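Make a model of the complete structure from these sequences and hints.
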Amino acid sequence: GAGVSQSPSNKVTEKGKDVELRCDPISGHTALYWYRQSLGQGLEFLIYFQGNSAPDKSGLPSDRFSAERTGGSVSTLTIQRTQQEDSAVYLCASSPGGTSGSVEQFFGPGTRLTVL
Amino acid sequence: SQQGEEDPQALSIQEGENATMNCSYKTSINNLQWYRQNSGRGLVHLILIRSNEREKHSGRLRVTLDTSKKSSSLLITASRAADTASYFCATVQGAQKLVFGQGTRLTINP
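Line by line, the protein sequences give chains U and F.
The first sequence: position 88 = 205 (this note's numbering), numbered continuously.
The second sequence: position 68 = 1377 (this note's numbering), numbered continuously.
Hints in this document: simulated from the structure, not taken from any laboratory.
Among the clues, some could well be false.
What the hints assert, rightly or not - Facing chain F, from chain U, some residues (calculated, C-beta under 7 Å):
hint	residue
1	159
2	162
3	165
4	171
5	173
6	177
7	182
8	221
9	226
10	227
Claimed, not checked - Straight-line alpha carbon distances no greater than 25 Å define the calculated SDA-like cross-link-like pairs of lysine to any residue that follow:
hint	chain 1	residue 1	chain 2	residue 2
11	U	174	U	141
12	F	1365	U	174
13	U	174	U	197
14	U	174	F	1326
15	F	1335	U	197
16	F	1335	U	141
Given the structure is predicted, the values throughout are model-derived calculations rather than measurements.
Positions of the beta carbon are idealized from the N, C-alpha and C atoms, including for glycine.
Structure follows, in structure tokens:
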């Protein structure tokens, strides 16, 4: 596609339920990132994929959070047993994955997660 | 946790005026990037300045970088209503991850 897409755009769930958030990166981008934006914490890094592997998952806040990437393309962020503090906008970004840190990241529109 | 601090947190100016936003960071960097965010959703990359550069221009944007003070500024000249957005500086830590400042909410009044 022309840009990074994310689905769903909005998700409302009940506390304790599991949710899956999807990211489709720009075709050909080997690097993929997940970030979270909440009122109290600002923009936080969650996890980085290079291809299908995740060399940096240091930002995942707890073991309830996991992510995978298949075929070097689509990524899914899964949150198990959601808590109210998980409410945030989850942003996905991709980049060509060339020289580290020297290129811009292209962001999707985000998924707004609300945990009731 | 966020490493950058931005000021002001909010800025409201009249259309046509210039807007200046500042960012400070804590670690050594290879480059610093500025992003814009509309309506709390996706971010758009504006400009990247490398650590060996002091100033960079792109259209109505001017970015400066002072590595001795670990600070950067973003100047938007001749502001327009469409410039209303939140602006974030970001540095790269580790191999790839961006660490963002708290952002400046800019409002351009017509």
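Taking the hints in turn, this is what the structure says about them:
Interface hint status for residue 159 of chain U: upheld, as the beta-carbon distance to the closest one in chain F is roughly 5 Å, under 7 Å. Look at residue 162 of chain U: its Cβ gets to within about 4 Å of chain F, closer than 7 Å, so that hint holds up. Taking 7 Å as the C-beta cut-off, the interface hint given for residue 165 of chain U holds, the closest approach to chain F being about 5 Å. Interface hint at residue 171 of chain U: violated, since its Cβ lies 11 Å from the closest Cβ of chain F, which is beyond the 7 Å cut-off.
Interface hint status for residue 173 of chain U: upheld, as the beta-carbon distance to the closest one in chain F is roughly 6 Å, under 7 Å. The interface hint given for residue 177 of chain U is broken, as the beta carbon of that residue sits about 12 Å from the closest beta carbon of chain F, more than 7 Å. Interface restraint check: residue 182 of chain U against chain F, minimum CB-CB distance 15 Å, threshold 7 Å, status violated. Taken as an interface hint, residue 221 of chain U checks out: its beta carbon lies about 4 Å from the nearest beta carbon of chain F, inside 7 Å.
This hint holds: residue 226 of chain U has a C-beta 4 Å from the nearest C-beta of chain F, less than the 7 Å allowed. A distance limit of 7 Å between C-beta atoms decides the matter here; for residue 227 of chain U the minimum to chain F is near 5 Å, and the interface restraint holds. A threshold of 25 Å between alpha carbons decides the hint, and for residue 174 of chain U with residue 141 of chain U the separation of about 19 Å falls inside it, so the pair holds. For the suggested pair residue 1365 of chain F and residue 174 of chain U, the alpha carbons sit about 33 Å apart, so the restraint of at most 25 Å is broken.
Distance hint between residue 174 of chain U and residue 197 of chain U is fulfilled; the C-alpha atoms sit about 17 Å from each other, no more than 25 Å. A hinted pair counts as satisfied when its Cα atoms are at most 25 Å apart, and residue 174 of chain U with residue 1326 of chain F does not qualify at roughly 42 Å. For the hint linking residue 1335 of chain F to residue 197 of chain U, the alpha-carbon distance of about 34 Å lies beyond 25 Å, and the restraint is violated. Restraint check for residue 1335 of chain F and residue 141 of chain U: the C-alpha separation of about 33 Å exceeds 25 Å, so the hint is violated.
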